[in-house]
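Note that the protein sequences, when read in sequence, are chains A and B.
Counted the way the working numbering counts, the first sequence spans residues 1 to 259.
Counted the way the working numbering counts, the second sequence spans residues 1 to 259.
Treat each hint with caution, since some may be false.
Unchecked claim - Now the in silico label distances, taken between C-beta atoms and shown as ranges:
no. : chain 1 : residue 1 : chain 2 : residue 2 : range
1   : A       : G140      : B       : N43       : 19 to 27 Å
2   : B       : K152      : A       : K33       : 40 to 48 Å
3   : B       : K177      : A       : N88       : 43 to 51 Å
4   : B       : N43       : A       : K33       : 28 to 36 Å
5   : B       : K255      : A       : L75       : 38 to 46 Å
6   : A       : E163      : B       : N229      : 33 to 41 Å
7   : B       : N222      : A       : N88       : 53 to 61 Å
Unchecked claim - Cut-off 30 Å, straight-line C-alpha distance, at most; resulting in silico cross-link-like pairs (DSSO-like, lysine-lysine):
no. : chain 1 : residue 1 : chain 2 : residue 2
8   : A       : K164      : B       : K200
9   : B       : K177      : A       : K152
10  : B       : K83       : A       : K33
11  : A       : K33       : B       : K7
12  : A       : K200      : B       : K158
13  : A       : K176      : B       : K165
14  : B       : K7        : B       : K83
15  : B       : K158      : A       : K158
16  : A       : K158      : B       : K177
17  : B       : K33       : A       : K138
18  : A       : K176      : A       : K165
19  : A       : K165      : B       : K164
20  : A       : K165      : B       : K200
21  : B       : K200      : A       : K152
22  : A       : K200      : B       : K164
Said to hold, decoys possible - Which stretches of chain B does chain A cover? Using the computed rule of at least three CB atoms under 8 Å from a CB of chain A, they are:
no. : stretch
23  : 59-72
24  : 110-120
If you are wondering where the hints come from, they were derived from the structure by calculation, not from laboratory data.
Glycine residues also receive a C-beta, built at the ideal position from the N, C-alpha and C atoms.
There are 2 protein chains.
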Amino acid sequence: MTNSVPKFVEKYRKVSESKNSILCVGVDPAIPKQRRLNVMPDNNRISFMRRIIQEVSPYTSVIKINRQYIIGLPLEEIIELNKMIHSNGMLSIIDHKLSDIGSTNDSAIFWFKEEGFDAFTFSPFAGNIEEATISAHKHGLGIIVLTLMSNKEAIVQKIAVVEKKPLYQHIAEECKKYGSDACVIGATGNVTLENLELIKNSIDENMLLLVPGVGAQGGDANDIIRRFNRNLMINVGRSIIYSENPAEIAAQFQKQFNE
Amino acid sequence: MTNSVPKFVEKYRKVSESKNSILCVGVDPAIPKQRRLNVMPDNNRISFMRRIIQEVSPYTSVIKINRQYIIGLPLEEIIELNKMIHSNGMLSIIDHKLSDIGSTNDSAIFWFKEEGFDAFTFSPFAGNIEEATISAHKHGLGIIVLTLMSNKEAIVQKIAVVEKKPLYQHIAEECKKYGSDACVIGATGNVTLENLELIKNSIDENMLLLVPGVGAQGGDANDIIRRFNRNLMINVGRSIIYSENPAEIAAQFQKQFNE
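Please take these sequences and the hints and turn them into a complete structure.
Next comes the structure, spelled out in structure tokens:
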């Protein structure tokens, strides 16, 4: 168990204070073939992301980019994108849900660093929370571990039992033990107050929570905000990036989360 | 439950028969900074992969490429690589360990198809085996579900219990129920004969197994071959791709698995 504050957590505290925001914007560039949208008429994922990043930056502390939407984009363009995020005073997370083992995880983490991200998400299906946390911190990156997801099919984390504890509690305790930076906890109805209390009692006070599911996915972040205060990164995606005015909606979420 | 043979399984049966091989070669291009190797002196991941693919092709039915080693390579180069794999009579798997939900999984699957892969690996941490299988098959791709990994930290799948069954059995049964193409079962010592029997009794006879862990990782495929015969894709990676003579070592594994 470590009691020191991980580097990514420190960076986040500074950024979220200076921006006065716990808003994380999920910038997932679906091309028109994937969704019936006219937000990306030129089919250019990079220019779509650059526009959103620019517009939301006054209200936003973190940009989260999901790997499943940027497959095939060359390294150089991701490096430029991350430079832009940083020059706007924000941090960037690659929502990769890394789920491999050993030296293969090391390879992914090596490339996340080359791409210029500050942290990545990790799916602990194969265990490895300890070795992945060590590898992340060796590369100066934060590791954000999937713990309790809010989609209705994620029964594994809620129903599965490991050594007489729910799997999600087991994961939260491992994150604390090995000094991971954050856990991912869904915000929609499948996560109960009881689940939240158990997680709160299992993690370290120096850890963050990344909370997806707010906005278009129907989640309400109030219960989570009441319990975890400023140690949160609340992700909003589609409600912002597909709106007529991403800046305005981002400002509304920033204000709502601060109240 | 479906009793029809998934399209990827049909393709594999044809290829493995015509090649007389159940060998899958894992082509993971670690650059010299990542491992102390002189196999890639020019730092060119694409040319490294092309050379290996060419050399092993007479003895190999499937090429498996791990996403964590090809991050940052542009779409066009992956498309060309898959064309080369197919023109050598082989199938290609992207070992992505996709671990997301809903429309985000759909996005990944869309891009796997654009890249030209035949199948992908899926990590069922968030559930979703049903929806991911439907989406895979809609795009004409095979889905290969992580079921019981062999690294010693993968206690989740072995120790975790869902509805009074081991998690890995629960996953295997879901794969059968929803018509997934294959399960991933590790070949090293942490997978016991009892585990193998339980899996054999849980999956459909039309399903394949992808078996990593043989070769440099120390696994022995004999027990698995005895139980599952030709419904196997046995992956060998480093022992082949980092050898002085990949063709010769691939030929040895092909012969060994056929005996």
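Taking the hints in turn, this is what the structure says about them:
no.: 1; hint: G140/A <-> N43/B: 19 to 27 Å; verdict: 22 Å, holds
no.: 2; hint: K152/B <-> K33/A: 40 to 48 Å; verdict: 42 Å, holds
no.: 3; hint: K177/B <-> N88/A: 43 to 51 Å; verdict: 47 Å, holds
no.: 4; hint: N43/B <-> K33/A: 28 to 36 Å; verdict: 34 Å, holds
no.: 5; hint: K255/B <-> L75/A: 38 to 46 Å; verdict: 39 Å, holds
no.: 6; hint: E163/A <-> N229/B: 33 to 41 Å; verdict: 36 Å, holds
no.: 7; hint: N222/B <-> N88/A: 53 to 61 Å; verdict: 57 Å, holds
no.: 8; hint: K164/A <-> K200/B; verdict: 27 Å, holds
no.: 9; hint: K177/B <-> K152/A; verdict: 18 Å, holds
no.: 10; hint: K83/B <-> K33/A; verdict: 23 Å, holds
no.: 11; hint: K33/A <-> K7/B; verdict: 24 Å, holds
no.: 12; hint: K200/A <-> K158/B; verdict: 27 Å, holds
no.: 13; hint: K176/A <-> K165/B; verdict: 28 Å, holds
no.: 14; hint: K7/B <-> K83/B; verdict: 19 Å, holds
no.: 15; hint: K158/B <-> K158/A; verdict: 16 Å, holds
no.: 16; hint: K158/A <-> K177/B; verdict: 21 Å, holds
no.: 17; hint: K33/B <-> K138/A; verdict: 15 Å, holds
no.: 18; hint: K176/A <-> K165/A; verdict: 16 Å, holds
no.: 19; hint: K165/A <-> K164/B; verdict: 14 Å, holds
no.: 20; hint: K165/A <-> K200/B; verdict: 29 Å, holds
no.: 21; hint: K200/B <-> K152/A; verdict: 28 Å, holds
no.: 22; hint: K200/A <-> K164/B; verdict: 27 Å, holds
no.: 23; hint: 59-72; verdict: holds (count 6)
no.: 24; hint: 110-120; verdict: holds (count 5)
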